[in-house]
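Spelled out from the first residue to the last, the chains are:
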Amino acid sequence: MKRLNTRLITPQLCAVILLIMLPLVSVLGLMTGPVFISLSDILSIMLGDDGATVGAANGANSQEKLIIEIIRLPRVMLSLIVGALLAACGALLQGLFRNPLADPALIGVSAGASVGASSVIVFGSMLTSGGVMLGLSAISLGAFGGAIIASLIIYRLATGPQGTSVATMLLAGIAISALSGAATNTLSYLADNDMLRRISLWQMGNLQGASWERVGLGALTAGCLAVLIPRETGALNAMLLGESEARHLGVNVEWLKRRLIIYSALGVAISVAIAGVIAFVGLMVPHLIRLLVGPDHRSLLPLSALAGAILLVAADALARVVIAPAELPVGIVTALLGAPFFLWLLVLQRGRS
Amino acid sequence: MLKINSVGLTISAVPLLNNISIDCPRGSVTALMGPNGAGKTSLLKVIAGEHKASQGRVEINGQSREDWKQSEIAQFMAVLPQSSTLEFAFTAQEVVALGRTPHATGLVRDAEIISAALIKVDASYLAQRSFVQLSGGEKQRVQLARVLAQIWEYCEYEGQGNSNTDAILLLDEPSAAFDLAHQLMLIDIVQQISARGVTVVMVMHDLNLAAKCADQMVFMNCGESTAVGPVEALLTPKLIKKVFSVDAEVITHPLQGTPMVVV
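Protein chains in written order, with this note's numbering: chain V, 20 to 372; chain B, 5 to 267.
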């Protein structure tokens, strides 16, 4: 029998699956690492607040408690938040550009962040002594600044008297990314060995720097976006028909574009600042969710956020064990995990149509 | 009710429309006709608000086009573009549902409207199909259902909605991708909703199809309206020669009595 429905699963089923996976993957993330911590120890550390008795009764010693509280829990939380931010912002941008292959790199955020971070690494040895602000190192601040400046330039270039042209924005994004790439390469060329290593590691994602301050900053950003973005989902759906069609459906297209660009630039800039450049999540996760449940942003955005969170936690857990006791940069793992799965989905989709 | 008063449009120093005046009373059907590049779509875009008239003004329901907020006008005016560029795999049903974006009538009522609109354009069997996989004619029918859903209250009952506002439907070559049966279906729909008070303005190339349902025709050429008037007055060999540069005979339909152009 020929199935007429083109969807693989309903949004409800997808939500249930992801909500079951989320705590499982998070616990897995807490367990894995150079020191393996058992599930029962994690539960007793998380639930029991009296460390001494718990330790005596269940064997969860104070060292494990410290590992969980200071290292693993903030790291898992940071992965959850950054994964959710990147995936949701990717979905926003794909809707805005009406292109399922758009990605946060397109509005120059990642490339700008690289320039910012590299500049600080190369020139900023005198600045780094300036200390830490909001849990962000000078490198993170540089990345955030670079990301925001790059997206501002691209937005200005694409905005004329007729409004913002997303086509121009795409081209400007490519040009600014190329320019930023050249600047980053120049900086790498000038850098000494140690700086070079830090630049390239930063560009592959950096969740090791997780701290409660970073988690707080990420959570604040994610919280704001979680309140603001759901208001735009109806208009964003209409935008998929085309800008003039959306206008005829009563959407104030110019304002919508402006808000969406601000939200996504902010979301990506913050996540880049607190976790470095993590490719793939923003591009593939929304695409994958769209293949599963369809393009309706009312379900696409929250489900992408959930799936992005799960993917990044899983990828980070894997990154800590594959070449233990050393760690693989998480950006490599996200690409290695996601790309084959994505290809498999594409082949599946091709077989159905 | 729609009034176009001496509208002119110039974009980047290129004059596209010059001194166009058309009066479309409530429930009338106006067919914009003319050769390619005559300015039909440009005029439709001025009415739709995509271009601001350089001269003159468009009056909608007694108020200048610019004085309406986009969100207000979307409540009673729907626009069907020539072609759609939707790249995302919405189902046909979801595409029609987008037509309800300007309204807050609730999911239950919207679902009724969506399925009724799909039935109206003979596309209910496509409801669960992915829009991107449909044929050109099927896509256009689904898009037609979407714009009908947007002004559904006005299409379904006489005198619905705010009594001061009449619904307006702008169609840009709606039948271009349709097969013969669906071209006639389109004519039926246009006649039905105009009888209920919806004002329809459409760009058409098929003179005979337009003659079946239009109350007035506008012959456009080089950005000017060469002739405006009832179908019988415009469908003459002389005017057709002047506007379209085609030699044609006009005869009367043996059964329906409407004028027919034979080339």
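Treat the hints as calculated values from the structure; they're not laboratory data.
It cannot be assumed that every hint is accurate.
[Stated by the list, open to error] The calculated label-pair distances, taken between Cβ atoms and stated as ranges, are:
#1 B:Glu-116 with V:Leu-367: 44 to 52 Å
#2 B:Val-112 with V:Leu-220: 48 to 56 Å
#3 B:Asp-183 with V:Asn-118: 53 to 61 Å
#4 V:Leu-367 with B:Ser-75: 38 to 46 Å
#5 V:Leu-32 with B:Glu-116: 20 to 28 Å
From a predicted model like this one, the values you see are computed outputs, not experimental measurements.
Just so you know, even glycine gets a beta-carbon here, dropped at the ideal spot from N, CA and C.
Check: For which of the previously enumerated hints does the structure constitute a violation, in increasing order of number?
Finding: 1 and 3
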